[in-house]
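Residue numbers (my numbering), protein chains in the order written: chain S, 1 to 297; chain H, 1 to 320.
It should be emphasised that the hints constitute simulated quantities derived from the structure, not laboratory data.
By construction, the Cβ of each residue, glycine as well, lies at the ideal position given by its N, Cα and C atoms.
Incorrect hints may appear among the rest.
Stretch-level coverage of chain H by chain S, calculated; a stretch enters the list once three of its residues show a Cβ under 8 Å from a Cβ in chain S [said to hold, decoys possible]:
1. 53-65
2. 132-142
3. 269-279
4. 288-297
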Amino acid sequence: MAGFLQQVINGLSLGSIYALIALGYTMVYGIIQLINFAHGDILMVGAYIGFFAVVYLKLNIWWAFIIAMAGASLLGVIIERVAYKPLRNAPRLAALITAIGMSLLLENGGLMILGTDIRSYPVGTITNKQLPLSFLGIQLTATTLQLLILAVTVVMMIILQYIVHYTWTGKAMRAVSYDRDAARLMGINVDETISVTFALGSAFAAVAGILLGLYYNTIQPLMGIMPGLKAFVAAVIGGIGLIPGAMLGGFALGVFETMVSGYWSSKMRDPIVFILLILILLLKPAGLLGRNNTEKV
Amino acid sequence: MTKVQFSRKNFFALAGALLVYFIIASLLSTGMISKFQEINLMMLGINIILAVSLNLIVGFTGQLALGHAGFMAVGAYVAAVLTLKLHQPFLLAIIAGAVAAAIAGLIIGLPTLRLKGDYLAIATLGFGEIIKGLANNINYIGGAAGMIGIPRLTNWTWVYLMMVVTIIVTVNFINSTHGRACIAIRENEIAAETMGINTTYYKVLAFAMGAFFAGIAGALYAHYFYLIQPTTFTFFRSFDILVMVVFGGLGSITGSIIAAAGITITNAALQDLAVLRMVIYALLLIVIMVFRPQGLMGTGEFTLDRWMPKRGEAGGSAGN
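Bound-form chain S, shown alone (with noise of 0.2 Å):
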């Protein structure tokens, strides 16, 4: 049992990361209906902001965090602006080649420019000790990383119910979610609608970045590959385009993840996952929290 809950412990934190950079994906789709492959990248550059951040700036990590969203977030807009916006109107097709060569050209002019060096966060950056916990008499352990990870993740997400629900520009993205055409007859600015969600989903994957390489202490170009994939299946596991989905289905996800290799073998982890994600397309297309649409013509 307590091995379990300690899996549990485990599987939250890593899943609160899953639930950050799906969000951005969830966010996206929502309001463009586009898979945008470079999200993951974004992270990897955002992680990198918050290095060179803490590394030549010698700043601490809470502006490292800081710097990181800002800069992603200028990188999430112009991507929109360049590749994504001429393609409004065109073919499915056609933008989603575009998210993928976008995707590519982060990854190699990352490796073209950092190199395939492997970095870390510099030892000290964050205080990591070991906690004990006691949960109904049973004895577990949690680093203050861990602990980290779940504030940062939950206090993002506040914010973010917050903007989506108690703001005028929240209320401008489920507008143009809603129905783009409308909301633009209603005098929304639906270019600069779309800009800002870009700008906030890629903070949240400089953020999801951030931690995830205090987490698996490394940063390297290609790091945003496999947790941006992931994250999606947990953003279509929960429901794509839902903001509670992307949150359920991160969570779901890293504790299911963890479990696999917990109790099976970490080298079924990945195939597992990707599994999952085509039985949830089978049996629940829609998500776990998503709703059935019939398609109208």
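Position chain H against the provided structure of chain S, taking the given hints into account.
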């Protein structure tokens, strides 16, 4: 009406194909082609098979599939098991690899092709990862170390034969009722369905066919390079093939052939600049999509009709 005619055009196409084969075969046998060039020649043929088969799925049927390397892996592993472990003839191994890949295509296609394009993209991408993960975990086929010492049975004759077969079958498929149905799905799925086309059936059919040829390519690959590993078939390889299809034109067989050949040769020439090359491809991919979403050649084809005087009937495009 249905009289099968071996027209002048077919004759010239056949003669041209044989001519190219014999020229390169004689260059190979006289040693005019270096070892390095030979490797690239084989890759060129294999890449053409991959690009043409992916074009059938992405270009003609309009379904974005990102798991082509996975199908290639299935073909490569199954064929390698047959020759290396079970000592079966090469032809049987190629066919078995292709059939296994087609079955894999059916298994992945049936559930996911009912869904819209984006889901398909991610599901096929996941499929590629599943195949890689399974190959990593099955000790019979070498696990992470892969299979080593596969007999080198692939030669120019096999590659060329399989390439020509792939092109002929694909071109004829596209010009058939089934192919037209696929194109109708690409143009407008809802309209196609309204016209009575069983969209799921044709999508799965195109998918299985594409997988079949990718399986052939995988079998050829495995028997040329001695060694296959799970990491040989990452989604970067799927992207490579997609780049060829997009450059050549979504829906142009000759475009795919030209792009596959061009990119293989460029890759060989710029071998030392691997990363820069990928950056350039990625940029080109974006630029082409933004300014010319149908790809360089669009759906246009180079046909022999252009150079031949028309006599009576104007036949369909002959592809190569």
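Going through the hints against the structure:
Counting residues of the stretch 53-65 of chain H whose beta carbon lies closer than 8 Å to any beta carbon of chain S gives 3, which meets the minimum of three for the stated coverage. Counting residues of the stretch 132-142 of chain H whose CB lies closer than 8 Å to any CB of chain S gives 5, which reaches the minimum of 3, so the coverage claim holds. Only residues whose beta carbon comes within less than 8 Å of a beta carbon in chain S count, and the stretch 269-279 of chain H has 4; three or more means the coverage holds. As drawn, the stretch 288-297 of chain H meets chain S at 3 residues by the rule of a beta-carbon pair under 8 Å; at three or more, the given contact holds.
Going down the numbered hints, you'll see the structure goes against none, and every one checks out.
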